[in-house]
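Respectively, the protein sequence lines represent chains R and S. When we follow the working numbering, the leftmost residue of the first sequence carries the number 1, and every step to the right adds one. When we follow the working numbering, the leftmost residue of the second sequence carries the number 1, and every step to the right adds one.
Take these hints with a grain of salt, some might be off.
To be verified - Calculated pairs, DSSO-like style, for lysine-lysine (alpha carbon to alpha carbon, straight line, at most 27 Å):
id: 1; chain 1: S; residue 1: LYS35; chain 2: S; residue 2: LYS191
id: 2; chain 1: S; residue 1: LYS278; chain 2: S; residue 2: LYS234
id: 3; chain 1: S; residue 1: LYS184; chain 2: R; residue 2: LYS27
id: 4; chain 1: R; residue 1: LYS8; chain 2: R; residue 2: LYS27
id: 5; chain 1: S; residue 1: LYS70; chain 2: S; residue 2: LYS35
id: 6; chain 1: R; residue 1: LYS161; chain 2: R; residue 2: LYS107
id: 7; chain 1: S; residue 1: LYS48; chain 2: S; residue 2: LYS4
id: 8; chain 1: S; residue 1: LYS370; chain 2: R; residue 2: LYS124
id: 9; chain 1: S; residue 1: LYS229; chain 2: R; residue 2: LYS77
id: 10; chain 1: S; residue 1: LYS48; chain 2: S; residue 2: LYS234
id: 11; chain 1: S; residue 1: LYS229; chain 2: S; residue 2: LYS47
id: 12; chain 1: R; residue 1: LYS152; chain 2: S; residue 2: LYS191
id: 13; chain 1: S; residue 1: LYS278; chain 2: R; residue 2: LYS5
id: 14; chain 1: S; residue 1: LYS394; chain 2: R; residue 2: LYS25
id: 15; chain 1: S; residue 1: LYS278; chain 2: R; residue 2: LYS27
id: 16; chain 1: S; residue 1: LYS70; chain 2: R; residue 2: LYS25
id: 17; chain 1: S; residue 1: LYS48; chain 2: S; residue 2: LYS184
id: 18; chain 1: R; residue 1: LYS27; chain 2: S; residue 2: LYS32
id: 19; chain 1: R; residue 1: LYS25; chain 2: S; residue 2: LYS47
id: 20; chain 1: S; residue 1: LYS136; chain 2: R; residue 2: LYS25
id: 21; chain 1: R; residue 1: LYS107; chain 2: R; residue 2: LYS152
id: 22; chain 1: S; residue 1: LYS35; chain 2: S; residue 2: LYS229
id: 23; chain 1: R; residue 1: LYS152; chain 2: S; residue 2: LYS234
id: 24; chain 1: S; residue 1: LYS70; chain 2: S; residue 2: LYS48
id: 25; chain 1: R; residue 1: LYS161; chain 2: R; residue 2: LYS111
id: 26; chain 1: S; residue 1: LYS48; chain 2: S; residue 2: LYS32
id: 27; chain 1: S; residue 1: LYS370; chain 2: R; residue 2: LYS111
id: 28; chain 1: R; residue 1: LYS77; chain 2: R; residue 2: LYS111
id: 29; chain 1: S; residue 1: LYS191; chain 2: R; residue 2: LYS27
id: 30; chain 1: R; residue 1: LYS111; chain 2: R; residue 2: LYS27
id: 31; chain 1: R; residue 1: LYS25; chain 2: S; residue 2: LYS149
id: 32; chain 1: S; residue 1: LYS374; chain 2: R; residue 2: LYS111
id: 33; chain 1: S; residue 1: LYS4; chain 2: S; residue 2: LYS234
id: 34; chain 1: S; residue 1: LYS184; chain 2: R; residue 2: LYS124
id: 35; chain 1: S; residue 1: LYS136; chain 2: R; residue 2: LYS8
id: 36; chain 1: S; residue 1: LYS32; chain 2: R; residue 2: LYS124
id: 37; chain 1: S; residue 1: LYS306; chain 2: R; residue 2: LYS27
Derived by calculation from the structure, the hints in this document are not laboratory data.
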Amino acid sequence: MSDIKFSKETLALANQIIARYPEGKQKSALIPLLHLAQAEFDGWLSPEVMDYVASLLHIQNIEAYEVASFYSMFNLKPVGKCMIEVCRTSSCWLRGANEVIAHLENKLGIKEGETTADGMFTLKAVECLGSCGTAPMMMIGAQFHENLTHEKLDAIIDTCKQDGKRKTYLDSVVVDNY
Amino acid sequence: MGRKILLAHDHVPGIQGYEVYRQHGGYNSVEKAIKTMSPEAVVEEVKKSGLRGRGGAGFPTGMKWSFLAKPEGVPRYLVCNADESEPGTFKDRYLMSRIPHTLVEGMITSSYALGVNTAYIYIRGEYFYIVSILEKAIAEAYANGWLGKNILGSGYNLDLYVQVGAGAYICGEETALLESLEGKRGNPRIKPPFPAIAGLYGCPTVVNNVETLAAVSFIVNEGGDEYAKIGIGKSAGTKLISASGHINKPGVYEIEMGISVEDFIFSEEYCGGISNGKKLKAVVAGGSSVPILPADKILHLANGEKRLMSYESLADGGFGGGTMLGSGGFIVMDEDTSIVENLFTFARFYHHESCGQCSPCREGTAWMEKILHKMIDGHATVADIDLLWEIQAKIEGNTICPLGDAAAWPVASAIRHFRSEFEEYVKNPKVINKVTRMAV
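Build the full structure now, drawing on both the sequences and the hints.
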C-alpha cells in the first residue's frame, strides 16, 4: 500500500461531494474527486493516486482508470508546474493561435507537447475552450488568458516563472471583464 | 435596439450578487410559480411560449417537458447542460459568469414545474472558475430560502448541485452527459429509451441547456404568450449569439430572432463589420457543426430576399443552400481565410472528440483529419477531395449520436460551396498560418 492520502481539508471536501448523490450512486463523484487528486498530487494521476480515489468510492480501480483516460483534462503522466493549454480550434486559429504556439515554442525552447527541462512549463495545444470572442486565448490552470498578443505572452510567462508555483484547475482566478 | 430578456440587466453593477439581482426582479418567477401556479400550469406556459432548446437542436422545450415520465415513487431529475463545447460558442459561459442567479432561478422554477427534488448543473471542466461563481449563487439562494426544504412554505423541496466535467465535447450530448454524471466515460447511449423515460440513474430526466432554463423565468413572469410575441414565427424569443472571427466587435449578443444576418454582421449594434476593412468570405452560423455558407448565401436566400437570424430562415435552402441556427456560435471569416485550413481545424477537433464507440465516426474522423493534413502538407491530389466527400457521406446518419453528423456536415458543406478552392489548394497549397493574424 502506498501512503497516498488526501489532506484533512481535501478529504472533508471529497466527502461533501460524495454526499451530493443518492445512496449507492457515489461513483458520480469520480470525476470531481479525480480533479481534487490531480490538484493535490503534483498535477497528474499516477496509478496509485487513481487506486486511492477508487478506494474512497468503493469502486474497482479500473473504473477510475477508464474514466481518467477518457477525459482530456486528466494527465496520466507528469506535467510541468504550469501547463499552458493553447486553444487551436477555428475561432482562435482565425485570430492567430498558430502564432501563439510558435511564440511560446520559441520562448520556452520546446515543441508543442513537450515540457521544459526544469519542469516548469508544459506546452499543449487543445481544442475549443469556449473563449472564441476573445481569441486567441490559452489557459494555465483555471486562469483564462484572452486577447493574447506577443507582449502579453511574454509577460504571462515571466510572471509564472517568478511565481514558481504549480497551477491547477482548482485555483481561484481573476475573472476577465470581457 | 432589440428587446433584451436574458441580458436585460447585464450592465447593472453587482448583478452577479444576490441582493442586486433580487432588486431587479430576480426570483420573482419562483415566487409566482410556487405561490400561484400548479406545476402543470408552468409547463403549459412554456409550451405556449414556443421556447426551443438553445443548446443546438432547437427542440420545443414544453414538449420535451411533457414527455417526462412520472411513475409513482421514482425520483425525477433536472440536469442543466452547461457543457458548452461547440467551437464558436461561449454564450453560456458569459451568462453563467456574469449573471449566475439567472440560471439558478430558471432551474428552480423549471424543477418545480417538473416535480424534481434534485437538480444538477453539469459544467465543462474548462469552466472550472465558473463553478465557484455558481456555487456562491446557489449558497445565496439557499440562505434566502429559494432552495432547500419547504421553499416559501409550500412544502416543495429542491437541492441543486454543480457537477464538473473534465474535457470532453461529447458530454454535451445529453446521454453522454448523463453517463459522465454517473461517473463513467462519456459514451452516448442508444435511444430509445430517451432520458425523459430513463435518464440519470435510470430515472426520468430532463436535460436542458443553460440559456433555455434561464429563459423560463421570463416566461413565467410575463406569460408564454408574451414570450411568443418576441421573435418571428416559430423562432420565438431572443437568442444569445456568440460572435467570433474576423469582426470588429466579437462578443455575446442577445438578439430578437428575425433580424437580418446582414444587420447582425455589419451594424454597429452587433458585430460592427469585418475587421481591417476586409470583405466577408464565409460564415459558420451556428457552431462548428453546421454547414458553412459563402457570403452571398449567408446574406441572401435563393430568391434574393435577406436571410434572417431565425431557425427557419437560416435553414432555408436545406443542406444544399442553407445552414442552421444551432447553438448560435457565429464564426465570421474574411476574404483572406483559407476554407481548407479552417476545415482542417474542425476535422482535427472532431477526431479528437469522437468517443470512439461507433466505427464510422471513430475511423472516419481520423481519416478526414489525415486527408486534410495531407492537403496542407502539399501532398494531396484532386482525388483526395472526392475521397473526403465519400468518407463524410459514410459517417452521416450511421452513428449512435449526432457527433458523426456534426463531423460530416462541415466537410460536406465546405466542399459543396468551395470545391474550386479545394482544387486550387491541392495544386498550389499556400499555408495561411504564416500570415500574421494576432493583434499587435
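#### Entry: 27 Å limit on alpha-carbon distance, applied to hinted pair LYS374(S) and LYS111(R)
21 Å, holds
### Message
So if I understand the rule, the pair passes when the alpha-carbon distance is 27 Å or less; does LYS136(S) with LYS25(R) pass?
### Response
Holds, at roughly 25 Å.
### Query
Under the criterion that the straight-line Cα-Cα distance not exceed 27 Å, is the pair LYS70(S), LYS48(S) satisfied?
22 Å, holds
### Query
Within 27 Å, alpha carbon to alpha carbon, are LYS161(R) and LYS111(R)?
This hinted pair holds, its Cα atoms lying about 18 Å apart.
#### Entry: Pair hint LYS111(R) and LYS27(R), alpha-carbon separation not exceeding 27 Å
38 Å, violated
### Message
Need the status of pair LYS32(S), LYS124(R): alpha-carbon distance at most 27 Å?
### Response
49 Å, violated
### Task
Take a quick look at whether LYS184(S) and LYS27(R) sit within 27 Å of each other, Cα to Cα.
8 Å, holds
### Query
Between LYS394(S) and LYS25(R), does the CA-CA distance stay at or below 27 Å?
39 Å, violated
### Task
Below or equal to 27 Å on CA atoms is what counts here, so check LYS27(R) against LYS32(S).
The hint is violated at about 37 Å.
### Query
Does the alpha-carbon distance linking LYS306(S) and LYS27(R) stay inside the 27 Å limit?
It is violated: about 52 Å lies between the C-alpha atoms, which goes past 27 Å.
### Message
Next pair to validate is LYS48(S) with LYS234(S); report whether the Cα-Cα distance is within 27 Å.
### Response
11 Å, holds
### Given pair status - LYS111(R), LYS77(R), alpha carbons within 27 Å
17 Å, holds
Hints 1, 2, 9, 12, 13, 14, 15, 17, 18, 19, 23, 30, 36 and 37 from the earlier list are contradicted by this structure; the remaining hints agree with it.
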